[in-house]
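Asks: With these hints in hand, go ahead and build the complete structure from the sequences.
Top to bottom, those sequences are chains A and B.
For our numbering, add 86 to where a residue sits in the first sequence, where the first one is 1.
For our numbering, add 217 to where a residue sits in the second sequence, where the first one is 1.
These aren't lab readings, by the way, just hints derived from the structure by calculation.
Incorrect hints may have been included.
FRET-style restraints, in silico, Cβ to Cβ [said to hold, decoys possible]:
id, chain 1, residue 1, chain 2, residue 2, range
1, A, G123, B, G454, 55 to 63 Å
2, A, S303, B, E679, 27 to 35 Å
3, B, G482, A, P241, 44 to 52 Å
4, B, E679, A, D302, 20 to 28 Å
Taking lysine to aspartate or glutamate pairs in the EDC-like style, the calculated list, with each CA pair at most 20 Å apart, reads [claimed, not checked]:
id, chain 1, residue 1, chain 2, residue 2
5, B, K758, A, D302
6, B, K758, A, D300
7, B, K758, B, D736
8, B, K544, B, E433
9, B, K758, B, E680
10, B, K758, A, D299
11, B, K590, B, D560
12, B, K590, B, E279
13, B, K590, B, D386
Just so you know, even glycine gets a beta-carbon here, dropped at the ideal spot from N, CA and C.
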Amino acid sequence: MISRRDFIKACCAAAATGASVPGMAYFNPTAPGRGVGNDVIVYLFLRGGIDGLHLVVPASGPERIAYEAIRHPGVLIPDTDLRPLDSLGRWGLHPRAGGGAGADVGSAPQWLQRLWVQNKLAIVQGCGMSSALSRSHFDAQAWMDLGTPGSKNTPTGWITRYLSSATGLPEPELSSVFGFSSTLPLSLLGNDQAFTVNSAEEFRVDGFHWSWDDNDSTIAGHQGAPTRLSDLWAQGGGLLGDKGRTTAEALGLMRDMAFDSYQPEGGAEYPGGGLGVQMQNLAQLIKQDSGLVAATLDYGGWDTHDGQGLPQPGNPDHYDYYGNRLEGLARSVDAFYTDLSQSSQGNLMNRVTVVLLSEFGRKVRGNQSNGTDHGYGNVAMALGGRVNGGQFYGGFPGLDKSSLFESQDLAVTTDYRQIMAEALVKRMGFPSSSLEQVFPGMGAYQPMGIFQA
Amino acid sequence: METFLGGTIGLRGDEDLIFNDRFVDRSSEPADFAWRVLERATYGARPQDIAAFLALGDSDDERLNAWLDQQLDVSALPGNELETRLASLGFTTLDKPITQLWSDHVRGGMTDWPQRYYPVGESDAARWLRAVYSERQVYEMMVEFWHDHFNVAGWDFSIAPVFVQHDRDAIRPEALGNFRTLLESVATSTAMLHYLDNLSNRSGGYNENWARELLELHTLGADVYFPGAAHGNVPIGEDGLATGYSDADVYDVARCFTGWTVRNGHWQFPDTPEFDTGEFFYYANWHEGGSKYVLGNWLQPSGQQQARDVMDLLARHSATARHLATKLCRRFIADEPPQALIDSTAAVWQASWQAPDQIAQVMRHLLSSDEFKSGQGRKVRRPFELVASAIRKMDPDFAPRQFSAWTPYGAFFNRFQQAGHGSFRWPAPDGYPDTQTRWTSASVMGQSWRLLSLLPELRQSEEGPFLLNIHSITIDAFPDAGDRTAINLVDFWSARLVNGDMEEGRRQVAIDFLRQNADPDEALDLTSDLPNGGWQGNDLKRHYTPVRLRATVSLILMSPEFYQR
Numbered sequence: 087m088i089s090r091r092d093f094i095k096a097c098c099a100a101a102a103t104g105a106s107v108p109g110m111a112y113f114n115p116t117a118p119g120r121g122v123g124n125d126v127i128v129y130l131f132l133r134g135g136i137d138g139l140h141l142v143v144p145a146s147g148p149e150r151i152a153y154e155a156i157r158h159p160g161v162l163i164p165d166t167d168l169r170p171l172d173s174l175g176r177w178g179l180h181p182r183a184g185g186g187a188g189a190d191v192g193s194a195p196q197w198l199q200r201l202w203v204q205n206k207l208a209i210v211q212g213c214g215m216s217s218a219l220s221r222s223h224f225d226a227q228a229w230m231d232l233g234t235p236g237s238k239n240t241p242t243g244w245i246t247r248y249l250s251s252a253t254g255l256p257e258p259e260l261s262s263v264f265g266f267s268s269t270l271p272l273s274l275l276g277n278d279q280a281f282t283v284n285s286a287e288e289f290r291v292d293g294f295h296w297s298w299d300d301n302d303s304t305i306a307g308h309q310g311a312p313t314r315l316s317d318l319w320a321q322g323g324g325l326l327g328d329k330g331r332t333t334a335e336a337l338g339l340m341r342d343m344a345f346d347s348y349q350p351e352g353g354a355e356y357p358g359g360g361l362g363v364q365m366q367n368l369a370q371l372i373k374q375d376s377g378l379v380a381a382t383l384d385y386g387g388w389d390t391h392d393g394q395g396l397p398q399p400g401n402p403d404h405y406d407y408y409g410n411r412l413e414g415l416a417r418s419v420d421a422f423y424t425d426l427s428q429s430s431q432g433n434l435m436n437r438v439t440v441v442l443l444s445e446f447g448r449k450v451r452g453n454q455s456n457g458t459d460h461g462y463g464n465v466a467m468a469l470g471g472r473v474n475g476g477q478f479y480g481g482f483p484g485l486d487k488s489s490l491f492e493s494q495d496l497a498v499t500t501d502y503r504q505i506m507a508e509a510l511v512k513r514m515g516f517p518s519s520s521l522e523q524v525f526p527g528m529g530a531y532q533p534m535g536i537f538q539a
Numbered sequence: 218m219e220t221f222l223g224g225t226i227g228l229r230g231d232e233d234l235i236f237n238d239r240f241v242d243r244s245s246e247p248a249d250f251a252w253r254v255l256e257r258a259t260y261g262a263r264p265q266d267i268a269a270f271l272a273l274g275d276s277d278d279e280r281l282n283a284w285l286d287q288q289l290d291v292s293a294l295p296g297n298e299l300e301t302r303l304a305s306l307g308f309t310t311l312d313k314p315i316t317q318l319w320s321d322h323v324r325g326g327m328t329d330w331p332q333r334y335y336p337v338g339e340s341d342a343a344r345w346l347r348a349v350y351s352e353r354q355v356y357e358m359m360v361e362f363w364h365d366h367f368n369v370a371g372w373d374f375s376i377a378p379v380f381v382q383h384d385r386d387a388i389r390p391e392a393l394g395n396f397r398t399l400l401e402s403v404a405t406s407t408a409m410l411h412y413l414d415n416l417s418n419r420s421g422g423y424n425e426n427w428a429r430e431l432l433e434l435h436t437l438g439a440d441v442y443f444p445g446a447a448h449g450n451v452p453i454g455e456d457g458l459a460t461g462y463s464d465a466d467v468y469d470v471a472r473c474f475t476g477w478t479v480r481n482g483h484w485q486f487p488d489t490p491e492f493d494t495g496e497f498f499y500y501a502n503w504h505e506g507g508s509k510y511v512l513g514n515w516l517q518p519s520g521q522q523q524a525r526d527v528m529d530l531l532a533r534h535s536a537t538a539r540h541l542a543t544k545l546c547r548r549f550i551a552d553e554p555p556q557a558l559i560d561s562t563a564a565v566w567q568a569s570w571q572a573p574d575q576i577a578q579v580m581r582h583l584l585s586s587d588e589f590k591s592g593q594g595r596k597v598r599r600p601f602e603l604v605a606s607a608i609r610k611m612d613p614d615f616a617p618r619q620f621s622a623w624t625p626y627g628a629f630f631n632r633f634q635q636a637g638h639g640s641f642r643w644p645a646p647d648g649y650p651d652t653q654t655r656w657t658s659a660s661v662m663g664q665s666w667r668l669l670s671l672l673p674e675l676r677q678s679e680e681g682p683f684l685l686n687i688h689s690i691t692i693d694a695f696p697d698a699g700d701r702t703a704i705n706l707v708d709f710w711s712a713r714l715v716n717g718d719m720e721e722g723r724r725q726v727a728i729d730f731l732r733q734n735a736d737p738d739e740a741l742d743l744t745s746d747l748p749n750g751g752w753q754g755n756d757l758k759r760h761y762t763p764v765r766l767r768a769t770v771s772l773i774l775m776s777p778e779f780y781q782r
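Replies: In structure tokens form, the structure reads like this:
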């Protein structure tokens with residue numbers, strides 16, 4: 087695919103020689119990209135501390151007995167309300183991860199359950215920060231995003247350090263990394279080139295009055311004000327001049343990508359707003375083959391101190407806060423997987439890896455408000471065409487009192503950095519000998535076999 | 218206006234200009250000198266500011282000195298317009314003492330959004346008003362500097378409800394005052410005690426977070442950090458102080474600050490209401506007794522006084538002077554300021570460390586230096602300066618509010634935050650960066666332009682008046698409709714926004730957009746009864762012409778000349 091820079095050059099050359107430029111649609115989502123086809127790592131953070139024990143729930147056996155013994159009834163999911171995960175029936179999935187409120191637990195697996203059944207989704211239990219403890223959202227998120235558990239004053243995020251120490255990254259058309267956020271994600275701290283946008287369609291100079299905000303093809307010669315930005319910055323040297331031209335170019339490129347008229351493939355249906363739109367934008371950027379290497383997304387609302395909610399599978403009118411949140415996540419992720427794996431460019435999920443994490447788990451017992459307070463160990467998930475899914479990793483730390491951390495929280499048996507490290511090594515081709523630069527103090531690299539090399 | 222006159226310049230040469238080799242205003246015209254000063258020491262030079270500056274004396278230096286006399290003595294400047302506007306907005310939290318912030322916004326069940334965030338949200342709105350309307354411009358620039366220097370994450374759940382105190386009682390009183398005093402007011406700010414965890418720093422349960430950042434970021438600076446836990450690695454200077462600090466200093470400074478905490482109802486405090494007020498207090502039970510060794514000096518056991526002794530050492534230390542002088546020169550002169558100016562500024566800093574107007578003295582030195590007077594075009598405007606300056610220069614009716622039902626400020630704050638510079642939102646303790654690379658990424662520039670494209674379109678209400686008075690300013694400037702040609706209009710706005718210094722090709726882009734199929738010297742109709750001129754078929758010069766004027770002003774705001782100061 088021709089880059090915008092080349093395209094502009096071609097236009098100028100054509101204008102100079104008087105030749106005409108054939109009309110071309112700049113971005114065609116079904117066309118192959120630039121042929122780079124690099125892998126992409128997606129860091130999806132479940133802000134607020136998701137109750138992992140409400141997502142992946144003991145369904146039978148000793149852990150179920152311990153679960154029923156310790157768990158407050160207001161947050162205890164009956165085993166009959168869980169969707170099955172393993173053949174022994176030991177573990178069940180919150181029903182809304184695999185179907186809508188009106189579906190019963192035996193209905194055909196959708197969303198996260200479907201991906202698990204198809205061995206594309208892996209679950210890591212007892213995940214967290216084994217070397218440091220904080221039950222503060224702010225500290226724990228900062229530690230994880232910065233990749234330095236115990237220190238929130240690190241000047242660079244872990245993704246920043248990954249990108250700066252990796253070699254052979256493709257030349258990006260826009261940026262190697264997109265942070266889908268309204269503020270610079272801490273994982274990208276210290277990265278001057280990171281793109282931070284709440285949604286890609288918002289990266290657009292679109293505030294002018296509608297009459298001059300865009301080209302109007304119904305009026306001969308009408309060109310909106312945004313078309314003047316490139317000319318405005320055409321003159322002038324120095325760093326600012328270069329940066330301004332890059333920005334004008336990027337704005338043009340993003341405008342051409344027409345994020346608002348994107349057609350997902352494979353029948354994928356992204357939920358509207360928030361994460362759904364962001365994941366759709368991300369899928370489009372990946373199809374564009376723009377040299378994007380990493381992306382961060384956030385999906386919050388998990389701080390369920392009060393009224394966490396219990397599912398009632400089969401009852402579409404039942405209100406379940408957690409279930410509703412979870413369905414939003416499950417549908418977004420599923421649409422993303424479908425859109426990319428069914429792309430006419432091929433199964434693009436074979437080069438995309440998504441890791442889902444949260445800052446900490448929640449108290450096992452639950453509280454008097456039918457909610458859960460801040461805890462420690464948690465569930466993490468990995469998703470991708472090259473994920474050895476349908477399996478548990480990390481080892482469940484146990485719910486009996488002697489196994490609990492400080493007698494109240496799920497313990498941490500897996501350092502979350504090991505998951506990221508394995509993804510970097512196996513999927514992104516990052517040398518394991520350089521992991522210390524990304525995760526200083528992590529200790530020895532201990533891959534669990536979650537990802538295929 | 219041709220302003221390239223050549224001549225010498227105080228900085229190292231044109232190669233450190235951030236933009237191009239033309240944007241160097243070295244004119245000897247008094248108005249251009251005033252422009253250079255006001256553009257870099259304030260949130261934007263308005264016509265009335267230039268006029269007031271020119272009335273202050275008979276030479277550039279005389280006028281600059283007189284202007285600094287005003288700006289550096291805050292009490293001498295009127296606050297009328299600002300105060301009226303602040304009062305008219307009906308803010309409810311800005312005058313609350315910390316105890317009331319605590320009872321109203323932390324306790325009392327106010328755990329929900331947005332009540333808990335009113336204090337930081339109103340501080341944010343007030344910040345914009347002050348930048349746009351305050352006569353105390355240098356002071357407000359310094360408030361911004363200190364907020365970055367003593368950064369806290371204002372929108373954090375724990376900090377948002379007490380942020381008013383940090384801004385009003387810790388930062389603002391000494392923004393042009395004395396650094397040692399400022400340091401202690403920050404050390405006892407409830408927000409800072411939360412942010413860097415000193416509220417839980419106690420004997421046997423140390424938390425070094427505050428101590429480490431106090432040395433590394435707030436005072437001595439990382440340049441004089443000697444890693445390792447041995448005091449002996451750090452040479453002692455002529456003044457009897459260690460020339461830098463080691464981890465051992467950090468640990469001992471942390472021990473000095475044990476017991477500096479907040480009345481937050483901690484279970485170890487007496488279970489009475491006066492221990493849950495949100496105020497700073499020194500809790501002797503948590504203080505670790507004994508001597509400590511800091512910067513090569515033994516500090517005798519003295520309870521709360523011991524941490525004050527630490528702050529005395531830090532405030533008079535030459536490394537602190539260098540660190541702060543460097544940051545101030547970077548803020549007001551250039552990303553890489555000349556060493557000689559840093560040195561002379563540091564000398565003023567250190568010599569006046571006990572003076573109540575220490576910071577004002579330092580600023581007078583800096584702002585009357587040759588480097589300041591001659592240098593321009595070496596700093597990019599960060600998004601706040603960019604947008605505040607745009608608003609300030611357009612005779613605005615600007616009344617920002619947060620958390621209301623619909624107002625134009627919802628979109629304003631949303632877009633501004635996307636530009637990466639939301640007020641009090643920097644998460645790390647080092648504050649928003651102050652070098653060009655951080656503020657020239659495509660993300661920052663694109664989102665800034667996105668806001669600048671919207672700014673002239675924002676109205677007080679649907680179909681209500683605009684926040685910026687582009688239309689009436691233009692009509693007033695060209696009362697004769699025959700003068701309203703694209704050339705005249707662009708030159709007028711270029712003069713007002715960038716001192717007429719638009720590069721010629723760029724000026725032509727703006728003129729061509731504004732005129733469309735009109736001749737450059739053909740008058741445009743700006744007075745149609747419809748606000749936007751109405752539909753005029755394919756006659757583009759009549760197609761929404763007042764709108765096109767606003768868009769043209771936006772394009773000037775999006776030009777490189779406006780992006781730097």
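Asks: Run every hint past the structure and note whether it holds.
Replies: Checked hints:
Evaluation of the 55 to 63 Å hint for G123/A and G454/B yields a pass: the beta carbon distance comes to about 59 Å. Between S303/A and E679/B the beta carbons are some 29 Å apart, a value that agrees with the proposed interval 27 to 35 Å. Distance hint check for G482/B and P241/A: the Cβ-Cβ separation is about 34 Å, which falls outside the suggested range of 44 to 52 Å. Separated by about 24 Å at the C-beta atoms, E679/B and D302/A satisfy the suggested range of 20 to 28 Å.
Our distance criterion of 20 Å between C-alpha atoms is met by K758/B and D302/A, whose separation comes to about 15 Å. In summary, the hint linking K758/B to D300/A is supported, as the alpha carbons are separated by about 16 Å, within the 20 Å threshold. Distance check on the hinted pair: K758/B and D736/B sit about 9 Å apart at the alpha-carbon level, within 20 Å; holds. For the hint linking K544/B to E433/B, the alpha-carbon distance of about 13 Å falls within 20 Å, and the restraint holds.
Only pairs whose Cα atoms come within 20 Å are accepted, and K758/B paired with E680/B is rejected, the gap being roughly 24 Å. Our distance criterion of 20 Å between C-alpha atoms is met by K758/B and D299/A, whose separation comes to about 16 Å. Distance check on the hinted pair: K590/B and D560/B sit about 18 Å apart at the alpha-carbon level, within 20 Å; holds. Proximity of K590/B to E279/B is assessed by CA-CA distance (about 13 Å); at most 20 Å being required, the pair is judged to hold.
Only pairs whose Cα atoms come within 20 Å are accepted, and K590/B paired with D386/B is rejected, the gap being roughly 33 Å.
Hints 3, 9, 13 from the list above are not met by this structure, while the remaining hints are.
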